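Chemist: I would like the entire structure built from these sequences, with the hints used as guidance.
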Amino acid sequence: MPRNRLRPALFGCALISLLLFAGMLLVRTYGSTSSSRTYVVFLVNVMLVVSLQTFIGNSGIVSFGHVAFMGIGAYMTALVTILSTVKAAQLPDLPSVLGNANLGLVPAIVVSALAALIVAAVFGGAIIRMTESTMAMATLALLVMVHTFFQNATTYTRGAVGLAGIPVRTTIEAATLAAMLFLLISRLYKESGPGLRLRATREDPLSAASVGTHVVRTRYGVWLLSAAMMGAAGSLWAQSVIAFNANQFYFSITFALLAMLVVGGRTSLTGAVAGAAIVTFLTDTLARVEQGVAIGPWELPKITGTVQFVIAFLIIITLILRPEGIFDRWEIDDLVRRLGPLARRARRADLVEAEAVAAAAPVRGPDALGSAASVLRGVQVAKHFEGVRALAGVDIDVRPGEILGLIGPNGSGKTTLLNVISGVYAPSEGHIVFRDQEIIGKEPHQVAGLGLARTFQSIRLFAQLTVRENVEAALPPGTNAGRVDGVLSWFGLEAAEGEKAVNLPYGMQRRLEIARAVVRRPSLILLDEPAAGMNEAESDELLENIQRIRSSLDCSVVVVDHDLRLIMKLCDRIQVLDQGRTIALGLPREIAEDPAVIAAYLGGPSKKSA
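Here the sequence shown stands for residues -1 to 608, numbered as in my numbering.
Think of the hints as simulated: they come from the structure by calculation, not from any bench.
Treat the hints with care, as some may be off.
Cβ pair distances, simulated, as ranges [as the list claims (entries may be wrong)]:
| id | residue 1 | residue 2 | range |
| --- | --- | --- | --- |
| 1 | Ile315 | Gly385 | 26 to 34 angstroms |
| 2 | Gln444 | Leu112 | 30 to 38 angstroms |
| 3 | Asn408 | Ser250 | 49 to 57 angstroms |
| 4 | Ala535 | Gly385 | 13 to 21 angstroms |
| 5 | Ala151 | Leu317 | 34 to 42 angstroms |
With a Cα cut of at most 25 angstroms, we get these calculated SDA-like pairs of lysine to any residue [said to hold, decoys possible]:
| id | residue 1 | residue 2 |
| --- | --- | --- |
| 6 | Lys567 | Glu536 |
| 7 | Lys440 | Asn245 |
| 8 | Lys498 | Thr464 |
| 9 | Lys498 | Arg458 |
| 10 | Lys567 | Glu527 |
| 11 | Lys498 | Glu322 |
| 12 | Lys498 | Gly480 |
| 13 | Lys440 | Arg127 |
| 14 | Lys567 | Gly584 |
| 15 | Lys300 | Phe249 |
| 16 | Lys498 | Leu186 |
| 17 | Lys498 | Val386 |
| 18 | Lys498 | Leu4 |
| 19 | Lys567 | Gly409 |
| 20 | Lys440 | Arg375 |
| 21 | Lys440 | Pro203 |
| 22 | Lys498 | Leu8 |
| 23 | Lys300 | Glu322 |
| 24 | Lys440 | Tyr218 |
| 25 | Lys440 | Gly219 |
| 26 | Lys498 | Asp483 |
| 27 | Lys567 | Ser372 |
| 28 | Lys440 | Val386 |
| 29 | Lys567 | Arg519 |
| 30 | Lys440 | Glu288 |
| 31 | Lys440 | His429 |
| 32 | Lys440 | Leu186 |
| 33 | Lys498 | Ser487 |
| 34 | Lys300 | Ala310 |
| 35 | Lys300 | Glu288 |
| 36 | Lys440 | Ser456 |
Since we're looking at a predicted model, the values are computed, not measured.
The C-beta atom is built at its ideal place from N, Cα and C for all residues, glycine as well.
Modeler: Shown next, in the form of structure tokens:
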């Protein structure tokens, strides 16, 4: 993990941990038994919601099923910690290996986390491959399945009757320490390489795959981590309540945990803790009111359902006023930095400065085209969409060190060809060989792993990640993070590295997308309309950058663009598509005079076809 992310992460965890520790000291010193109990409930809720936030906040996928893992952890803890004599009375048919088990606090937590991890591994392999909306429904189905098991597997759970006699070992000190550890694990994951790549998939799965991220594997990893954390939290919860039954691991607690995330901010760990505090203490207060209270001469009657009504109302108000939650995407260390001395600089001036920075790398003239085997060769590539032939047997050959232009009227198949090459679409016919490997059937992340990078016709950045994070997310694992600094400097983005990508001007967004591709040091870069929306000066700067990419990285480039001035000045060869077929291929001067090309662009008959 780069130090630029590690230090703020540790600082943020230390600040929240200090607040939790201070709260523990205050309750221990001045609080009552009741307030100590409430604070332990809060700390356990912090562990539960942090576990849930680790998955939802980083992946962007809503899960209704994580309470199932909490229940698995709680039941496993009960089965391995309750005294054997008590278990014999409650669960007479329990297997002896569980009936004789009597583990301590930490071993019980480990066993519970492993049990949740195993169940998550079995079901997650299928769930995590679904679309995001389908995945949410699948997690709900998982919750129902596990709850049904809890209700009916009476040999192990006693169903609705529940289990009692669990040793109370989750003291206020143990809960505080555990909550700190949960925060540290979650924040370190968020700022790690896998965590950053997961957040990139949250913003744009296709774009993340195009820079080498295995979307399914990355999501599966956090699914397992969060499930294990949830199981461990369930263990600590069980060792704080003495007794429980199956109904406590269903919709009510799922609703409460999701409320904490919505109110505090689902993408912020700080927000998750704040949400836990608000919902926990509000619930405790409302539960007392719900039983009826006396205010002076007035006595309020018992009002059943007050807690759920007020929490639901709070969710609605939050979604109206702060759709991303109170803390939005901010962590406590972000807020400290923005409120501190460093924040007093004009942040917008950073963007102005960044626009003015010119890349300093020297530009060589175009080398003689390599005589080695082609970097990319496609033969009779075809793509049909429900009978529409977007590509009708296109051949493409990209030589080492070449800049190949790909032009043609709108709808001619240029972007479709790039999508087929990069693995976004599977071709209907044909073969494509990249660096001596057949890539038909490979996923985008696999093609990227072979050394192919690309940009998109419509800019696809990780909008809510910073400029630096956008580039770091594309960095191959194990690569020195110093490469990011060089690329940011090259493209004049270093002064804006802390700004979110969504806040950048259009020209800088284009530059950032190219920088993200370049940091991978690919053998071939596909640029899809990189000059779209640029004026002549910006187009000239783009031309210099592409030439510098070719000369500095010794890579080939395929450029799709409607800026014919740029294409003619930049490219070594130009290939022209029309209606899914190649109608011309040659040097720029040959293409400029080709009657078929003129006819395709102007709509007149060509001499070749006459």
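Chemist: Run every hint past the structure and note whether it holds.
Modeler: Going down the list of hints, with the structure as the test:
Hint check: Ile315 to Gly385, Cβ distance near 51 angstroms, so the stated range 26 to 34 angstroms is violated. Gln444 and Leu112 have their C-beta atoms about 32 angstroms apart, which keeps the hinted 30 to 38 angstroms range intact. Range check, Asn408 to Ser250: Cβ separation about 55 angstroms, and the 49 to 57 angstroms hint holds. About 44 angstroms separates the C-beta atoms of Ala535 and Gly385, a value inconsistent with the hinted range of 13 to 21 angstroms.
Judged by the Cβ atoms, the range 34 to 42 angstroms given for Ala151 and Leu317 holds: they are separated by roughly 38 angstroms. Restraint check for Lys567 and Glu536: the C-alpha separation of about 14 angstroms stays at or below 25 angstroms, so the hint holds. Using a Cα cut-off of 25 angstroms, the hinted pair Lys440 and Asn245 is violated, with the two alpha carbons roughly 46 angstroms apart. A distance of roughly 4 angstroms separates the Cα atoms of Lys498 and Thr464; the hinted pair therefore holds under the 25 angstroms criterion.
The hinted pair formed by Lys498 and Arg458 meets the criterion: a straight-line CA distance of about 13 angstroms does not exceed 25 angstroms. Pair hint Lys567 plus Glu527 holds up; C-alpha atoms about 15 angstroms apart against a cutoff of 25 angstroms. The suggested pairing of Lys498 with Glu322 holds, with an alpha-carbon distance near 16 angstroms, which does not exceed 25 angstroms. Of the supplied pair hints, the one linking Lys498 and Gly480 holds, its CA atoms being roughly 20 angstroms apart against a limit of 25 angstroms.
Between Lys440 and Arg127 the alpha-carbon distance is near 16 angstroms, which keeps this suggested pair within the 25 angstroms criterion. With a CA separation close to 14 angstroms, the supplied pair Lys567 and Gly584 stays within the 25 angstroms bound. Straight-line distance between C-alpha atoms of Lys300 and Phe249 comes to about 24 angstroms, which keeps the hinted pair within the 25 angstroms bound. The hinted pair formed by Lys498 and Leu186 meets the criterion: a straight-line CA distance of about 21 angstroms does not exceed 25 angstroms.
At roughly 39 angstroms between alpha-carbon atoms, Lys498 and Val386 are farther apart than 25 angstroms, so this suggested pair is violated. A hinted pair counts as satisfied when its Cα atoms are at most 25 angstroms apart, and Lys498 with Leu4 qualifies at roughly 19 angstroms. Distance check on the hinted pair: Lys567 and Gly409 sit about 24 angstroms apart at the alpha-carbon level, within 25 angstroms; holds. Between Lys440 and Arg375 the alpha-carbon distance is near 16 angstroms, which keeps this suggested pair within the 25 angstroms criterion.
About 16 angstroms separates the Cα atoms of Lys440 and Pro203, which keeps this hinted pair within 25 angstroms; it holds. Of the supplied pair hints, the one linking Lys498 and Leu8 holds, its CA atoms being roughly 22 angstroms apart against a limit of 25 angstroms. Taken as a hint, the Lys300 and Glu322 pair is broken in the structure, with Cα atoms around 34 angstroms apart against an allowance of 25 angstroms. Among the hinted pairs, Lys440 with Tyr218 is consistent with the structure: their alpha-carbon atoms are about 20 angstroms apart, no more than 25 angstroms.
Restraint check for Lys440 and Gly219: satisfied, since their Cα atoms lie roughly 21 angstroms apart, inside the 25 angstroms limit. This hinted pair checks out: Lys498 and Asp483 have alpha carbons roughly 17 angstroms apart, not beyond 25 angstroms. A hinted pair counts as satisfied when its Cα atoms are at most 25 angstroms apart, and Lys567 with Ser372 qualifies at roughly 23 angstroms. Between Lys440 and Val386 the CA atoms are separated by roughly 23 angstroms; this keeps the pair inside 25 angstroms, and the hint holds.
A hinted pair counts as satisfied when its Cα atoms are at most 25 angstroms apart, and Lys567 with Arg519 qualifies at roughly 24 angstroms. Restraint check for Lys440 and Glu288: not satisfied, since their Cα atoms lie roughly 59 angstroms apart, outside the 25 angstroms limit. A C-alpha spacing of about 12 angstroms is found between Lys440 and His429, which places the hinted pair at or below 25 angstroms, so the restraint holds. Between Lys440 and Leu186, the direct Cα distance comes to roughly 32 angstroms. Violation of the 25 angstroms bound is thereby established for this hinted pair.
Our distance criterion of 25 angstroms between C-alpha atoms is met by Lys498 and Ser487, whose separation comes to about 17 angstroms. Restraint check for Lys300 and Ala310: satisfied, since their Cα atoms lie roughly 19 angstroms apart, inside the 25 angstroms limit. As the CA atoms of Lys300 and Glu288 are separated by approximately 5 angstroms, the hinted pair is consistent with the 25 angstroms bound. For a cut-off of 25 angstroms, the pair hint linking Lys440 to Ser456 stands: about 23 angstroms separates their Cα positions.
Going through the hint list in order, the structure does not satisfy hints 1, 4, 7, 17, 23, 30, 32.
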